[in-house]
Amino acid sequence: MMRLSGFSILALAMLFLLGPFFIIAAAGLSAGDLLVFPPQGLSLRWFVAILDIERFRVSFLLSMELAIISTGLSLLMGVPAAYALARYDVPFREAMRTIITSPVIVPAIIAGLALLRYAVIPLGLPVISALILGHTALVAPYAVRVVSVSLTHLRVDVEEAAILLGATRSGAFFRIVLPNIKNGMMAAFILGFITSFNQVPVSLFLTGPGISTLPIDMLGAMEFVYDPSIAALSTLLALMTILIVLLAERLLGLSRYV
Amino acid sequence: MSESQFLDLRDITIAYGAQKAVENVSLSVAQGQLLALLGPSGCGKTTLMRAIAGLLPLTQGSMTLAGRDLTRVPANRREIGLVFQSYALFPHLSVFDNVAFGLKLRHLDKTEIEERSKVAIAMVGLTGFEHRLPRELSGGQQQRVALARSIVVRPRLLLLDEPLSNLDARLRLDMRSQLHRLHHDLGITMIYVTHDQAEALALADRIVVMRSGKIIQTGTPEDLYERPQTGFVARFMGFENVLRVTSSGLVSDEGSLPFATQSLQNIHALAWRPHHVQLGQGPFKGRILGASYQGDSIEYLLDTPAGHLKVQSPAASPRYQPAQEIAFDLPLTHAISLRED
Amino acid sequence: MFADRRIGLMLMMPAMFFVGIAFLLPVLILLAEGLRTSEGWSLARYTSFFSDSLSQEVMLRTLRLGFGVTLASAIIGYGVALTIANASPLTRSRMTALFILPLMISPVARTYAWIVLLGRTGLINKVLIGIGLTEEPLRLLFSETAVFIGLLQLFLPLMVLSLTSALENMPSDIIPAARILGANWLTIFFRLILPLTREGLIIGGTLVFTGAVTAYITPAVLGGSKVLMLETLLYQRISVANDVATASVIAAILIGMSIVTHSLIRRLTSGKRSS
Ligand SMILES: Nc1ncnc2c1ncn2[C@@H]1O[C@H](COP(=O)(O)OP(=O)(O)OP(=O)(O)O)[C@@H](O)[C@H]1O
Ligand SMILES: [Mg+2]
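Chains A, B and C supply the protein sequences, listed in that same order. Quick note on numbering: my numbering labels position 7 of the first sequence as 7, and the sequence is numbered without any gaps. Quick note on numbering: my numbering labels position 213 of the second sequence as 213, and the sequence is numbered without any gaps. Quick note on numbering: my numbering labels position 52 of the third sequence as 52, and the sequence is numbered without any gaps.
For reference, chain A alone in the conformation it holds in the complex:
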């Protein structure tokens, strides 16, 4: 009895969380011109149509670039920081940790606005650079945290052993530490990529005519597009994410790092 009601709660929660995806997927598969569920006949025409829309192609590519560059940058800075926090007696350690994790605490929309007002407008910083700055800062705390997790799995004396065999500090880092945190770094890259790719609030103020990320474009299009194209696009994005996550879980055990 208890079991049964437990599983029905579980099933209902799953339906609530995942059901809507099936509904947009179905709506996106519609052969008709209107966004409705159940769909009017089945076809892939909207999935094909969406690929033809120049605007979405451009913003999709920008989102990709942005996610790759800012996650790469955040790892480039985050790995040394995580390493220092794990291995060195860093002065003002807690203050530093707080500063680096502050992008998690400050709501992203505020960062976007602040960057617009105090970097883009007065300094003439190109919007794309501001986007990269904002996204990199936003992803940095995740990079530091995920890499820290994998560093705790590597004992310090392993590095010391390398040093006693003649390696320098940096030699030990590149030959011993890096290969052992490679999976953690890939997990961090995937999580950072997804975070940046899906990010809306920080980009909100930093995009404008001619330069926009995919989620922002989708938000804009929702207001005047009533055909199933956005549903098809949403479905494609969801499928892409699911694929990446499943692959990462298989290869890296991604959920250990979340």
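Hints are supplied without guarantee of correctness; some may be wrong.
[Said to hold, decoys possible] Simulated restraints, written as ranges between beta carbons of each label pair:
(1) C/G132 x A/L12: 21 to 29 Å
(2) C/K226 x A/L251: 43 to 51 Å
(3) C/I174 x B/S41: 31 to 39 Å
(4) C/P195 x A/M240: 37 to 45 Å
Honestly, the hints are just simulated from the structure, not real lab data. The structure presented is a predicted model; accordingly, all values stated were derived computationally and were not measured. C-beta atoms are modelled at their ideal positions from N, C-alpha and C, and glycine is treated no differently.
The hints should help you fit chains B and C with the ligands onto chain A, whose structure is shown.
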């Protein structure tokens, strides 16, 4: 450089913050010797090894290796090997690559690297395991990889930090004799850290006993075994019955035995090994608390006015039952005399 | 631990400077702007914000939605987490993965699904009309209910995940032991499960609460300009009136709430590590 001072530590102190883990330690090791560093958990053995290897800075003191001051030489140039208590194998590298790591750093040519690694792996009996990862090996095998990895680069000094502590009793004995053979064959100077006195006695040319960060006695295995100087070392060496000498007799924290101590002036305490305590006759009375059968002997726990004593008698001798009142003797001829701890 | 502080400091510097200059500094300037008027430093912006009836309404709605979503997710979360925790290890890890998955999917896509469901010609209205509960389609979109549903869907997984991990850390024989002693389920829940998973509940709760009160996409899409929350109000003040002062006050409120909840989490998780 005299041969008796290959490694020379002078008045070394090492502190973690305000807490001194090693205090005023002076020590020297001759070339080719195996020195055992013996002491209870937490006495500073690992700390001292890490400092010698260059992984910890000295708070005070100096050290030389082959006459050269080591203090300013960084750890990666000291040519001192350390086999860690935890093995510290490189998790992502195969047995072969673990062993070859140090050689590759020295930019030797490929055939020499291969040759020497193979020899070292064979020396520790792991031929055939070259392509395994550390996690695919047993504790004893990992241990041997760690050893091979350290000796393959021919360090001038090899430090072994309780290398056998994670192994079961049989494997320990086995590895102990392998180590003995390796030391003999290679002639590397070694410092061997342990808290097992049997291991120290079996392996070492010299033994240093530490307690709370200080050295309390140094000597050959015979010296320490026959002539421990303090109650602490005596207990470590199997003199389990230690009693203080006072004008009123022999005293422990629990009580005292009347004993003619006039002849024992300037002696702080006396100690007896369990098998030297005589049961069945003698001036003192005690009560058997328990008996445990050890095969060729029986060990009794004896309750006396001066607390509990450990007594061992041959299995062939008369048996005593728990709660039995019994006479016993502490023969002066078998006692060793001790100074204050 | 390596002793050389200079190297440690050097390794920290790129990330420190980057986040400090490219992120924190502009945010601090923005916050400062809310404290400045033409006559110098003052709290005037704050007093006028808090006395404005629209701001009050938005503040209250944001808090109401925040607490409502947190409460609902806690109730559903316990039901789900208790079921997951009782499952076999394999099922457990699969279920956990199923709850992590939606967190990774674009919140824009996740929110858009509700437009299809809740719109005038959406599934829900069709069903309601079909079974005769209503003649005219109901206005479900652009309501607080729609925002509530959207937020709950977005953040429920966070609660489920932290409750599941709290339940997994609970000694496994405690519930059968209590059952043997004759305790009923209510007693077991309030006397055993709730106190033992308190930390997980608070961590999950603060994550859900912060997520909900700082949400932008959900109120923007499902609430529109009628059902504003703090972030959509901020966006509106800037894009309609370029009212940086109000934006700065809202920013301070949001950051304040976020700091409080995050330090709560930090305190709880670091306490667990040291004990
Ligand atoms: N990193 C550290 N920071 C502070 N104190 C330490 C540190 N490492 C060790 N100590 C302290 O220094 C003392 C000596 O420790 P050490 O590890 O050298 O002991 P040990 O003789 O090797 O013990 P064991 O036989 O258990 O390995 C102990 O009291 C220990 O608590
Ligand atoms: Mg030790």
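Evaluated hints:
{"no.": "1", "hint": "C/G132 x A/L12: 21 to 29 Å", "verdict": "holds, 24 Å"}
{"no.": "2", "hint": "C/K226 x A/L251: 43 to 51 Å", "verdict": "holds, 46 Å"}
{"no.": "3", "hint": "C/I174 x B/S41: 31 to 39 Å", "verdict": "holds, 35 Å"}
{"no.": "4", "hint": "C/P195 x A/M240: 37 to 45 Å", "verdict": "holds, 43 Å"}
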